[in-house]
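Given chain F's structure and the hints, the job is docking chain L onto it.
There are 2 protein chains.
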Amino acid sequence: MYRPQLKVVDCTIRDGGLMNDSHFPFDMVKNVFRHLAASGVDMVELGYRNSKKMFDPKKYGIWRFTEDDDIKRVIEGIDYNCEIAVMQDAHKAFAADLGPKENSPVDVVRVATYVADVDKAINLANNALEKGYRATINIMAISHTIERELEEALQQIEEETNVFAVYIVDSFGSLYSEDVDYYIEKFKKYIKKSEIGIHCHNQQQLAYANTIEAIIKNANYVDGTLYGLGRGAGNCPLELLMGFLKNPKFNLVPVLEAISSEIMPLEKEIFWGYSVPYMLSGKLNIHPKEALRIHALEDDDPDKYDYVGLYRKLGEI
Amino acid sequence: MYRPQLKVVDCTIRDGGLMNDSHFPFDMVKNVFRHLAASGVDMVELGYRNSKKMFDPKKYGIWRFTEDDDIKRVIEGIDYNCEIAVMQDAHKAFAADLGPKENSPVDVVRVATYVADVDKAINLANNALEKGYRATINIMAISHTIERELEEALQQIEEETNVFAVYIVDSFGSLYSEDVDYYIEKFKKYIKKSEIGIHCHNQQQLAYANTIEAIIKNANYVDGTLYGLGRGAGNCPLELLMGFLKNPKFNLVPVLEAISSEIMPLEKEIFWGYSVPYMLSGKLNIHPKEALRIHALEDDDPDKYDYVGLYRKLGEI
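If you're matching them up, the sequences are chains F and L in order. Mapping of the first sequence onto the working numbering: position 279 corresponds to residue 279, and the numbering continues sequentially without gaps. Mapping of the second sequence onto the working numbering: position 214 corresponds to residue 214, and the numbering continues sequentially without gaps.
Since the hints were derived computationally from the structure, they do not count as laboratory data. Predicted model only: the values in this text are computed from it and were never measured. Mixed in with the good hints there might be a few duds.
Claimed, not checked - Here are the computed lysine to aspartate or glutamate pairs in the EDC-like style, where the Cα-Cα straight-line distance is at most 20 Å:
id: 1; chain 1: L; residue 1: Lys246; chain 2: F; residue 2: Glu178
id: 2; chain 1: L; residue 1: Lys268; chain 2: F; residue 2: Glu267
id: 3; chain 1: F; residue 1: Lys217; chain 2: L; residue 2: Asp181
id: 4; chain 1: F; residue 1: Lys101; chain 2: F; residue 2: Asp117
id: 5; chain 1: L; residue 1: Lys217; chain 2: F; residue 2: Glu178
id: 6; chain 1: L; residue 1: Lys268; chain 2: F; residue 2: Glu298
id: 7; chain 1: F; residue 1: Lys30; chain 2: F; residue 2: Asp70
id: 8; chain 1: F; residue 1: Lys268; chain 2: L; residue 2: Asp300
id: 9; chain 1: F; residue 1: Lys246; chain 2: L; residue 2: Asp179
id: 10; chain 1: F; residue 1: Lys268; chain 2: L; residue 2: Asp179
id: 11; chain 1: F; residue 1: Lys217; chain 2: L; residue 2: Glu178
Said to hold, decoys possible - Listing some non-contacts, in silico: residues in chain L with all C-beta distances to chain F over 10 Å:
id: 12; residue: Lys59
id: 13; residue: Glu239
id: 14; residue: Phe244
id: 15; residue: Val253
id: 16; residue: Leu256
id: 17; residue: Glu257
id: 18; residue: Met279
id: 19; residue: Lys283
id: 20; residue: Arg293
id: 21; residue: Asp306
id: 22; residue: Gly315
Here a beta-carbon is modelled for each residue, glycine too, at the ideal position from N, C-alpha and C.
Just chain F, with the same shape it has in the complex (with noise of 0.2 Å):
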């Protein structure tokens, strides 16, 4: 599959973000930068832009608020071609969070937005793209969505805003493809100046797969991450998209390189990837936390591997 208008995105630190509170190591995120700039992605998404009021620095790493002087560090003395964005949550930030563009070395703001607070996505969006970034709005939890609200949401953001893409987000990891075309079809109805992107969890073992259904339908922003490093059961690994795409700007190496180096010491300190209470979450289309609260149990505590137990307490049994 080669698409010249096919864009790829590494979302590595901040979904992975997710998982450890945005503390990731300085030195690991430049690391991270450095091979992702050599690999020919298209954009390297460094973090959250959230808001200080809804986040506390003291708990939260600097990865939560990605602040202009953090990425200008970051990508300092590294030759680049990708596009930099961060991700404001509709919900979590402010408009203030986000200076002029004429300082900032941030060319894309990502907005992430429940359908329901799809007034403040846009007005985040607009935001952006009035201070001269790039923008696109990445509607969450697609799963959830009622119908006629996203189609509202959809209208509203074709209508009042010029985000150059509108995402859907596979919060649950519960679509199958057949869903993944349901939701591209109907994005399509209304987004008309657009493009479409996806962004897929792993709870079913789908990520990759979904990502490669929308590819063939079109969607032209696929997000993915290294070594699928996300919340609960991860992302559509990076590794295995390059694989599939055949465009030859890309270059594995220095993504196998940053997994070696920078992903694979992780999994000493935080798990991600399948696992049965991710399956069950996902299966369920439910949010993962009942499944993380697992994950975080003691090896030892009884009901660590207690899958019958959980899918009882997740009420299906």
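Same frame as chain F, now just chain L:
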């Protein structure tokens, strides 16, 4: 998806046995069978029925030979409706390894073969049929077959034996869903008397997605294993497959119980599941033996996480 003629086969002990020389403790196998019998799966493959001339019984566990007496002890005292299968490798088993059906608890003999050994496979399948068993032929390493040889083999199977299913086996986990479509169509062109089956490996995290694709394309025999236990990156996880299939006869609870009590403890002894070494072998469409070697290294071995070195060794850079 609910299609009465769709049959789910569990091959946890058989394929998982490739990771520990088939050394599962007897009680573990009995417990796995008890739970699978309660789960509603249609067939349970309890091991290989290969030859002691090809595998040294001092080195390999009893599930490499899976003799009738061992199976009788497994099923003793357990109510079950599923069929019981064993696998014979076309090049590692002999007709004499199979006794008459009258004395055997085995229902189905699955003959695994490379295209080159199809004559041996047909011979073993017909031996099973003549002795009163049902039989399948499972074509391994499908992604390495030469078209003309595959077509000839399929034609031969259609003409020379009466197996009830012919399997596509993606041994190297290198197929994309479009490849699954391609092979199913090719199989259907030649195989008119038998059902089509699919057995996937997870090198590219596509085992489940490709199994779904095969189901959609009317493959009626699908293989899964508990928590994906199987060689290398493992197989299609049975617990995911049951989530997709809406047949009310399936019960996920005993599957979860079996994973909790019998499979998770194995994680301390053997590693299976997605990894970069397996991903590379899937992407490159090669046998996972080099990836298996890498995984067997100690954690402090410099080769263990040298993924670029591995990629170079595999000949891509």
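Going down the list of hints, with the structure as the test:
Taking the CA atoms of Lys246(L) and Glu178(F), the gap is about 16 Å. The hint holds against a cut of 20 Å. In summary, the hint linking Lys268(L) to Glu267(F) is supported, as the alpha carbons are separated by about 15 Å, within the 20 Å threshold. Distance restraint check for Lys217(F) and Asp181(L): the Cα-Cα separation of roughly 17 Å lies within the 20 Å cut-off, and the hinted pair is therefore satisfied. Note on Lys101(F) and Asp117(F): the hinted pairing is violated, with a Cα-Cα distance of about 25 Å set against a maximum of 20 Å.
Straight-line distance between C-alpha atoms of Lys217(L) and Glu178(F) comes to about 14 Å, which keeps the hinted pair within the 20 Å bound. Simply put, Lys268(L) and Glu298(F) have alpha-carbon atoms about 15 Å apart, close enough for the 20 Å limit, and the pair holds. The hinted pair formed by Lys30(F) and Asp70(F) meets the criterion: a straight-line CA distance of about 10 Å does not exceed 20 Å. Taking the CA atoms of Lys268(F) and Asp300(L), the gap is about 14 Å. The hint holds against a cut of 20 Å.
Proximity of Lys246(F) to Asp179(L) is assessed by CA-CA distance (about 16 Å); at most 20 Å being required, the pair is judged to hold. At roughly 37 Å between alpha-carbon atoms, Lys268(F) and Asp179(L) are farther apart than 20 Å, so this suggested pair is violated. Distance hint between Lys217(F) and Glu178(L) is fulfilled; the C-alpha atoms sit about 14 Å from each other, no more than 20 Å. Distance check for Lys59(L) against chain F: the nearest CB is about 31 Å away, which clears 10 Å, and the non-interface claim stands.
With 10 Å as the threshold on Cβ separation, the claim that Glu239(L) sits away from chain F is violated: the shortest Cβ distance comes to roughly 6 Å. Distance check on Phe244(L): its Cβ comes as close as 7 Å (rounded) to a Cβ of chain F, failing to clear the 10 Å threshold; non-interface status is violated. With a least beta-carbon separation of about 6 Å from chain F, Val253(L) fails to lie farther than 10 Å from that chain, contradicting its non-interface assignment. Residue-level check failed: Leu256(L) sits 4 Å from the nearest beta carbon of chain F, not beyond 10 Å.
Non-interface status of Glu257(L) relative to chain F is broken: a Cβ of that chain comes within 10 Å, the nearest being about 6 Å off. At roughly 6 Å from the closest C-beta of chain F, the C-beta of Met279(L) falls inside 10 Å, breaking its exclusion from the interface. Here Lys283(L) does not stay apart from chain F, with its beta-carbon only about 4 Å from theirs, under the 10 Å limit. With a minimum CB-CB distance of about 17 Å to chain F, Arg293(L) clears the 10 Å threshold, and the non-interface call stands.
The non-interface label for Asp306(L) is inconsistent with chain F: the shortest C-beta to C-beta separation is roughly 6 Å, within 10 Å. Against the 10 Å criterion, Gly315(L) stays outside the reach of chain F, whose nearest CB is about 14 Å from its own CB.
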